[in-house]
Amino acid sequence: MEKDKLEECILQMHEIGVLKFGDFTLKSGMQSPVYFDMRIVTSYPKLLKVVSELLWCVAPRKAYDHICGVAYTGIPLATVISQLQVSQCLHAKHNELVFGQDMPMLVRRKESKNYGTKQLVEGVYRAGQSCLIVEDVLVSGTSVYETVETLRNLQLNASDAVVFLDRQQGGACNLHTLGVNITPVVTLDQMLEVLKRHGRIQDTMIAEVQQFIRKNNVTKIRTKCEEAVSVPANERLIKTFELRADAAVHPLVRSLLGIVTSKRSNLCVSADVSSCTELLTLAQQVGPHICLLKTHVDTLPDFSDSVAQQLRSVAQQHNFLLFEDSKFVDIGATVARQWERRGAWADIVTVVPIAGDGLLTAIAQAALDNSKKGVILVAEMSSDGALRSAEYQEMCRAAAKRFPHLVMGFVSQSSISQSPWLLQLSPGVSVSASGDALGQRYVSPECSVGERGADVIIVGRGVTTSSDPAAAAANYQQLAYSAYLERVKRL
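Sequence positions in the sequence shown follow the numbering used here and run 1 to 491.
Don't take each hint at face value.
Computed Cβ-Cβ distance ranges for the label pairs, DEER-style [to be verified]:
no. : residue 1 : residue 2 : range
1   : Gln-119   : Ser-274   : 53 to 63 angstroms
2   : Ile-354   : Gly-22    : 51 to 61 angstroms
3   : Thr-183   : Glu-15    : 21 to 31 angstroms
4   : Ala-207   : Glu-391   : 40 to 50 angstroms
5   : Lys-110   : Ile-40    : 19 to 29 angstroms
6   : Gly-358   : Glu-122   : 24 to 34 angstroms
7   : Gly-22    : Ser-262   : 49 to 59 angstroms
8   : Glu-394   : Pro-251   : 19 to 29 angstroms
9   : Ile-40    : Ser-262   : 47 to 57 angstroms
10  : Arg-126   : Gln-83    : 14 to 24 angstroms
11  : Thr-183   : Gly-128   : 22 to 32 angstroms
12  : Arg-312   : Glu-394   : 31 to 41 angstroms
With a straight-line Cα cutoff of 25 angstroms, these simulated DSS-like cross-link-like pairs (lysine-lysine) come out [said to hold, decoys possible]:
no. : residue 1 : residue 2
13  : Lys-49    : Lys-62
14  : Lys-327   : Lys-372
15  : Lys-20    : Lys-62
Honestly, the hints are just simulated from the structure, not real lab data.
All values derive from a computational prediction rather than experimental measurement.
Even glycine gets a Cβ: it sits at the ideal position worked out from N, Cα and C.
Let the sequences and hints guide you as you build the complete structure.
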């Protein structure tokens, strides 16, 4: 996203009265010192186009079948996006927006009519297709979720939404608990910062708005949504690890959640090292602070059965499980041999289930005599351009249902399952970095756990490149577990 373009957009919105300061009653009923009226933008076609481009820039890099605006102001925004459909946020060389194929639009009414088609959703669609939701302002998330629920009732996949302004009043967290991943163009704090930098707003008003945000940063709209549309809460996110352990189908899920609870650690350290000596040293250093140690033994030329045994001893000493990130992806017969050589030594391995059930069946048969072996399905990765199709994620969920005594959960950046007996492990977590030159993208522990639904965060270079890996691991341990406690307390 171009910073200058966003700043110009915010300043123009302030000039034409989109952003107002005073005393306003919001849809939720609360009194607010600030109000954002995006409807005015529809009278400024050039600005409407810029806002729409910025919205598409922050959308997840997925292929959507449809786009749907939340009534009413989201509809013109979605209309513009459907015609432009920016294929990439920024062109790598020219730093400009690039446009591609158009995207079909769906229109969701606020209520169905008693004449004509009498449908709540207008457009041409079929079950199983995906749809991106577009909204102007996010407060509690009610309007977005009502749209999502309507589309899901038609068997459309609606799990992603974009919004121009997040008022930071708990809407993002509410939606994440209900399986909706929402991405804002700008937050209210960021908007205030732009206005202050350009002398458009006094410090006293900034202080008043920020105080309002602090006092009203949690909403209970999830309960209202449940009452209004009979939507069950996301049990995976609202239940404690202790309760989820009791309900777990897989014995290794129970074991892992027991470790998480007893050590107060939902941290997995990814051992990004180049030798087994470094691996064993790191395991000793971070062992007291982790529930899982993730390895890539195919990158370690000196890995052997002896090293595996030493690693298991360290894991037993410090009470954590061993997680080999094998990413098995081949046909069953091949995976069976690979598992024996590269995965059998570990407690858990990763699988990319695009080859069908054969590879899971192969691992299940190979581990038949050992119920303390588990599989994590790679449903979503943290790098730019990674596959994030709704169809693939549904394939992962279906595989987890078919192999409940083998599959423990998913590697995912967002909440793709509400099942409390399945785990979400999320990579791409850092307290300082935002990304690297090879496309890796990072979020904070608080965002990963509190907003994106991670049960366990996976941290690599944030620990391994630290001058004190033990201290770094302890810091991530505290941040991630505190975010989990805040999540279950809030919900």
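Here's how the hints hold up against the structure:
1. Gln-119 - Ser-274: 53 to 63 angstroms: 59 angstroms, holds
2. Ile-354 - Gly-22: 51 to 61 angstroms: 54 angstroms, holds
3. Thr-183 - Glu-15: 21 to 31 angstroms: Since Thr-183 and Glu-15 have Cβ atoms about 26 angstroms apart, the given range 21 to 31 angstroms holds.
4. Ala-207 - Glu-391: 40 to 50 angstroms: For Glu-391 against Ala-207, whose Cβ atoms are near 48 angstroms apart, the range 40 to 50 angstroms holds.
5. Lys-110 - Ile-40: 19 to 29 angstroms: Holds: the Cβ-Cβ distance is about 20 angstroms, inside 19 to 29 angstroms.
6. Gly-358 - Glu-122: 24 to 34 angstroms: Given a distance of about 42 angstroms, which is not inside 24 to 34 angstroms, the answer is violated.
7. Gly-22 - Ser-262: 49 to 59 angstroms: 52 angstroms, holds
8. Glu-394 - Pro-251: 19 to 29 angstroms: 26 angstroms, holds
9. Ile-40 - Ser-262: 47 to 57 angstroms: 55 angstroms Cβ-Cβ, so the 47 to 57 angstroms window holds.
10. Arg-126 - Gln-83: 14 to 24 angstroms: 22 angstroms, holds
11. Thr-183 - Gly-128: 22 to 32 angstroms: For Gly-128 against Thr-183, whose Cβ atoms are near 23 angstroms apart, the range 22 to 32 angstroms holds.
12. Arg-312 - Glu-394: 31 to 41 angstroms: The hint (31 to 41 angstroms, Cβ to Cβ) holds, given that Arg-312 and Glu-394 are roughly 36 angstroms apart.
13. Lys-49 - Lys-62: 21 angstroms, holds
14. Lys-327 - Lys-372: It holds: about 19 angstroms lies between the C-alpha atoms, which stays within 25 angstroms.
15. Lys-20 - Lys-62: At roughly 34 angstroms apart (the allowed maximum being 25 angstroms), Lys-62 and Lys-20 break the hint.
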